[in-house]
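Each chain, letter by letter, is given below.
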Amino acid sequence: MSDAGFDEWLHAFAADEGYYVECENGHGHLPPRRVCPDCGSTEFAEEPLPETGTVAAVTTVHVPAPSFQADAPYDTVVAEFGAVRLTGVVDAEPGAVEIGDAVEPDVGASETTGDDVLVLRPL
Amino acid sequence: MTGVRVAGVGLTHFGSHPERTGRDLFAEAALNAREDAGVPLEDVEQLNVGNFAGSLLEGQGHTAPLLAEAAGLDCPATRYEEACASAGVAVREAVRTVRSGEADVVLAGGMERMTNNDTPETTEALAIAADELYEIRAGVTFPGAYALMATAYAEAFGVDEDTLKTDLANVASKNHDNALPNEYAQYQREISVEQALDAPPVAEPLGLFDCCPVTDGASAVVLVSEEYAAANELSADVAVVGTGQGTDRMALQDREYLARTPAADDAAAMAYDDAGIDAADVDLAEVHDCFTIAEVLAIESLGFYEPGEGLGAARRGETRADGDLPINLSGGLKAKGHPVGATGGSQIAEMTRLLRGDHPNSDAVADAEVGVTHNAGGTVASAVVHVLEVAE
Ligand SMILES: [Zn+2]
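First to last, the sequence lines map onto chains Z and B. Numbering-wise (the working numbering), the first sequence opens with residue 1 and increments by one. Numbering-wise (the working numbering), the second sequence opens with residue 1 and increments by one.
Think of the hints as simulated: they come from the structure by calculation, not from any bench. Bear in mind that the values here come from a model prediction, so they are computed numbers and not experimental data. Where a beta carbon is used, it is the ideal one built from N, C-alpha and C, also for glycine. A portion of the hints provided could be inaccurate.
Some chain B residues close to chain Z (C-beta under 10 Å, calculated; not the full set) [stated by the list, open to error]:
#, residue
1, I136
2, A154
3, F157
4, P200
5, A203
6, R255
7, R356
Between the sequences and the hints, there should be enough to build the whole structure, so can you do that?
What follows is the structure, given as structure tokens:
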């Protein structure tokens, strides 16, 4: 089963072509998006995402959901990428990143399910 | 617009009752509420029931008619689902129905059966309160999401990790102390700050004792119009005088704030305006401490503390039973337990008992007149606030 809008967005990171969608009034969001929740605009354009982001929140997950059982413990972070934030699994040893660290996005795989996962890699 | 009174409240024991069906749990709570209210079955005109994950945890959808039947009711019945705020919304819509004059008697509450599943299954079911594409697929669990908020809070307000963990451990210890005499509570035992700090990590910086337990339970309240209460000479001295609800972006990453909960700010503002009060008028509150950091965010959103100042409230004693503003005298979700879809109704039931004087912790708030309940869904993408008052 595919998820139109999301899947294309995620896989763009594998080609180093990460993007977000921006409404005509400059509000950044992630797809799929028809209406801007900030202003109601219905006009969107894809904009390139900054190549690196900055960690804004981090946790080391010790008790995972079944779909990440073999991955635990792992770090999940929320990182700022200009007009949007991204949430991803850190591609490094748990505890390796702190708030303020720079990270770059990529597509990785869950060790548990093999499913594609947005990973954020410390620089 | 007619006034709304709480005619009766009912709870099951909150705890581990894996063999008990959801229908049986709710039937007990509803029976207890009707008995407490002294309202005959045939007078109940509507059932509003909260349930979050019965479709996953019990393989049971279409919950409302099942629970109406279990409670012996023959009236319109609707299930409300707003994650952990499900019963809060069910109560809020019941208040609005009674106020509008559509019904004089509405039974509202909720139910969740959870411990019949093992921990991974339950963790997965609870996670669906988050954004499936952008959070669940990125490994975010429910504790993980609140852990992210906790680290963002520490960063935003310049709190070091030791202070963060110690202050949060004080929240857990306080709520366990409050649950000690509560016969409905899952954990009627003390934990020390040191025990909380030594607990194994769940999602750092949160440890096991920062997290509410997995709980089976149900809640029910009978809400009636003032006119019905008077005409039937009911003992219904607690009134619901304010209701409010707020909504935020679903995923944490899409919020204006990672370390604040504006949906609860909005719900509180709406409820206080509705009740004609402000935060300074509140004598006690039951808040949604699914994780210790959630209590901190709640008391800031409710206007009791400025952002960044709620963290140390339990350590300073201000929110303890003998403090100026007792928070979670029931034990809160942390120690009383959190049967997700029942919690919002349980908060109304506990606040009613506290204000009426028949709660084991009522002595701590003997002169209290105004109590507030705060019920949150997910990472507070939904929030419901109610104001209860001792009626003249
Ligand atoms: Zn816009």
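Hints, one by one, checked against the model:
no. : hint : result
1   : I136 : holds, 7 Å
2   : A154 : holds, 8 Å
3   : F157 : violated, 13 Å
4   : P200 : holds, 7 Å
5   : A203 : holds, 5 Å
6   : R255 : holds, 9 Å
7   : R356 : violated, 39 Å
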